[in-house]
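Novice: Using the sequences and the hints given, assemble the complete structure.
In the order they appear, the protein sequences are chains A and B.
Each residue of the first sequence is one higher than the one before, counting from 1 in our numbering.
Each residue of the second sequence is one higher than the one before, counting from 1 in our numbering.
Relax, there's no trap hidden among the hints.
Subject to a maximum C-alpha distance of 25 Å in a straight line, what follows is the list of computed BS3-like cross-link-like pairs (lysine-lysine):
| # | chain 1 | residue 1 | chain 2 | residue 2 |
| --- | --- | --- | --- | --- |
| 1 | B | Lys301 | A | Lys30 |
| 2 | A | Lys52 | B | Lys307 |
| 3 | A | Lys185 | A | Lys26 |
| 4 | B | Lys307 | A | Lys30 |
| 5 | A | Lys205 | A | Lys30 |
| 6 | B | Lys269 | B | Lys71 |
| 7 | A | Lys52 | A | Lys26 |
| 8 | B | Lys301 | A | Lys52 |
| 9 | A | Lys30 | A | Lys52 |
| 10 | A | Lys203 | A | Lys30 |
| 11 | B | Lys301 | B | Lys24 |
| 12 | A | Lys144 | A | Lys58 |
Far from chain A, by Cβ distances over 10 Å, these chain B residues were calculated:
| # | residue |
| --- | --- |
| 13 | Leu23 |
| 14 | Leu29 |
| 15 | Thr30 |
| 16 | Val193 |
| 17 | Ala236 |
| 18 | Lys250 |
| 19 | Glu258 |
Over the 10 Å line for every Cβ pair with chain A, so calculated as not near, a few chain B residues:
| # | residue |
| --- | --- |
| 20 | Thr14 |
| 21 | Gln141 |
| 22 | Ser252 |
Derived from the structure by calculation, the hints contain no laboratory data.
Positions of the beta carbon are idealized from the N, C-alpha and C atoms, including for glycine.
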Amino acid sequence: MQNNVNITKNVAQYRQDFAIIANWVKFGTKVLDLGCGDGELLQFLQSSLEVKGYGVEKSDVNLLACIANGTNVIQMDLEDGLSGFEDQSFNTVILSQTLQAMHNTEEIVLEMLRVGQEVIVTFPNFGYWRNRMQIATGNMPVSKTLPYQWFDTPNVHLCTINDFDQFCKNHNIEILERRVITDGKEVNLMPNLLGSLAMYRLKSK
Amino acid sequence: MSENNAIGIVAPQTAHFNEPLKLKSGTVLTQFDLVYETYGTLNADKSNAVLICHALSGTHHVAGKYSEQDKYPGWWDNLVGPNKPLDTNKFFVIGVNNLGGCHGSSGPVSTNPATGKPWGSAFPIVTVEDWVNSQARLLDQLGITQLAAVIGGSLGGMQALQWTIAYPDRVRHALVIASAPNLTAQNMAFNEVARQAIITDPEFHGGDYYEHGVVPRRGLRIARMLGHITYLSDDAMGEKFGRKLKDNIKYSFDVEFEMESYLRYQGDKFAGEFDANTYLRMTRALDYYDPALAYGGDLSKTLSQTKAKFLVLSFTSDWRFSPARSREIVKALLDNESTVSYAEVTAAHGHDAFLMPDGHYHAILRSYLSNIEVGGNHAE
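Specialist: Below you can see the structure in the form of structure tokens.
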């Protein structure tokens with residue numbers, strides 16, 4: 001179900017999202033993008049940083065799009081883990097706005113840390129004030145980063161920035177860097193309240 | 001009349017080779033023939049050649065018909081033709097009958113030049129490696145130094161893989177479909193039963209049945225029936241036949257169920273047109289293929305010298321060449337940082353799916369093949 005997620009992203013934020021990821025990925029390195037959608041991020045990283053990129057994707061439609069645009073894509077379900085990928089075989093493993101749609105959330109993060117020297121995870125911050133407002137007024141949040149109704153959402157594991165910080169602490173994961181953006185702009189003040197998209201660069205401690 | 005995306009009328013050709021070919025077994029074929037067909041036009045810089053490797057019962061007759069009256073076209077006609085996924089407006093496609101075959105290439109039914117009689121049991125056991133080496137000879141004769149792509153399903157996929165190992169500079173893309181890096185014990189077990197059915201047929205005569213004027217039809221028929229069971233999934237058989245009866249139950253061992261009718265028909269048809277000695281050799285080639293054996297079982301090391309870009313494809317309901325086996329190939333390629341994509345196509349037809357014109361499957365092949373660059377100066 002993670003495959004739907006990449007399609008309806010806000011374009012401005014998408015670019016900012018990409019720009020930050022591109023900042024975190026080193027030139028000419030090996031990158032694995034989990035839930036790569038139509039391969040747009042990998043194409044961007046390949047053209048800007050000449051990375052050796054592979055995508056993992058479950059959906060037939062996205063797989064076909066990747067093959068059509070020449071992205072290396074491996075069709076598999078992330079819920080099954082990353083068997084087939086050796087320990088520490090990628091410089092960077094990316095999970096872009098897919099974490100919240102995973103069932104085996106804990107397992108995939110640990111698998112990413114096994115396969116990647118560094119890991120990039122981005123997700124919509126459920127603690128964002130607009131989400132809180134909607135909850136306060138009695139409705140499930142619907143927004144640019146959470147564009148689904150409660151009955152058709154693929155998102156099953158929404159979390160806040162505080163929650164994810166705690167998750168990292170509990171799992172002995174080192175947060176190398178955290179960036180938070182709202183409407184394409186960086187948020188430094190009270191990120192868990194004012195940030196709509198959370199971006200983490202992680203590694204195992 | 002032909003449809004506008006059909007190849008039309010084709011004719012096979014025969015290439016003769018006088019240079020001896022040393023086989024993996026150590027035996028030397030002093031001379032041999034390969035029968036082949038081509039579709040499309042070889043371009044000026046000879047950069048658009050695609051080789052199709054056939055599976056167990058395939059032939060060089062991949063596409064088109066031999067005459068307007070032909071009931072059926074070649075075995076992969078749904079893939080190959082003008083504007084088809086493997087587009088003959090762009091590519092020069094070659095189908096070849098493998099050594100040991102029974103459709104014109106040197107094999108048990110062909111004449112042994114040393115005796116003037118059919119080779120029969122004397123025809124050597126050939127391997128996937130031998131086939132690829134002989135195919136390379138054919139390319140030499142056609143003046144093709146490098147293939148744009150090599151494509152094969154099942155046993156054909158093994159040949160495609162072998163091409164990238166044996167001739168890394170001669171193949172730019174390999175499409176390995178419904179295949180495996182070797183056979184599992186269970187898979188080889190089916191082959192052994194098939195061979196035993198043939199070998200124990202009283203009319204087998206140690207493989208020299210030609211001189212007795214008979215063929216081990218019963219054995220070949222049973223071998224093929226067994227094969228057909230394994231090429232279909234349980235679901236596909238259920239959907240196709242279920243428990244449907246042919247007629248009212250007769251309490252006999254005649255055909256009672258539709259499924260039996262299908263298997264008998266397929267067995268009879270095959271036994272009437274295929275050679276038992278060839279069947280034995282094709283199944284043995286499947287069994288023996290294990291390129292990682294020379295590398296201590298390390299498939300990653302085995303594929304480390306390959307230079308081709310890969311598309312690996314499997315089908316969800318294929319239990320004879322399961323997706324897990326294709327993923328082994330993918331993993332080894334990832335270990336080598338090869339350029340590879342892998343598609344696991346949802347299909348109900350089991351192993352047979354690779355021959356079916358499934359929309360998504362063909363869309364993947366079409367997309368992949370359309371991205372393959374070939375030189376300009378396309379010959380008219």
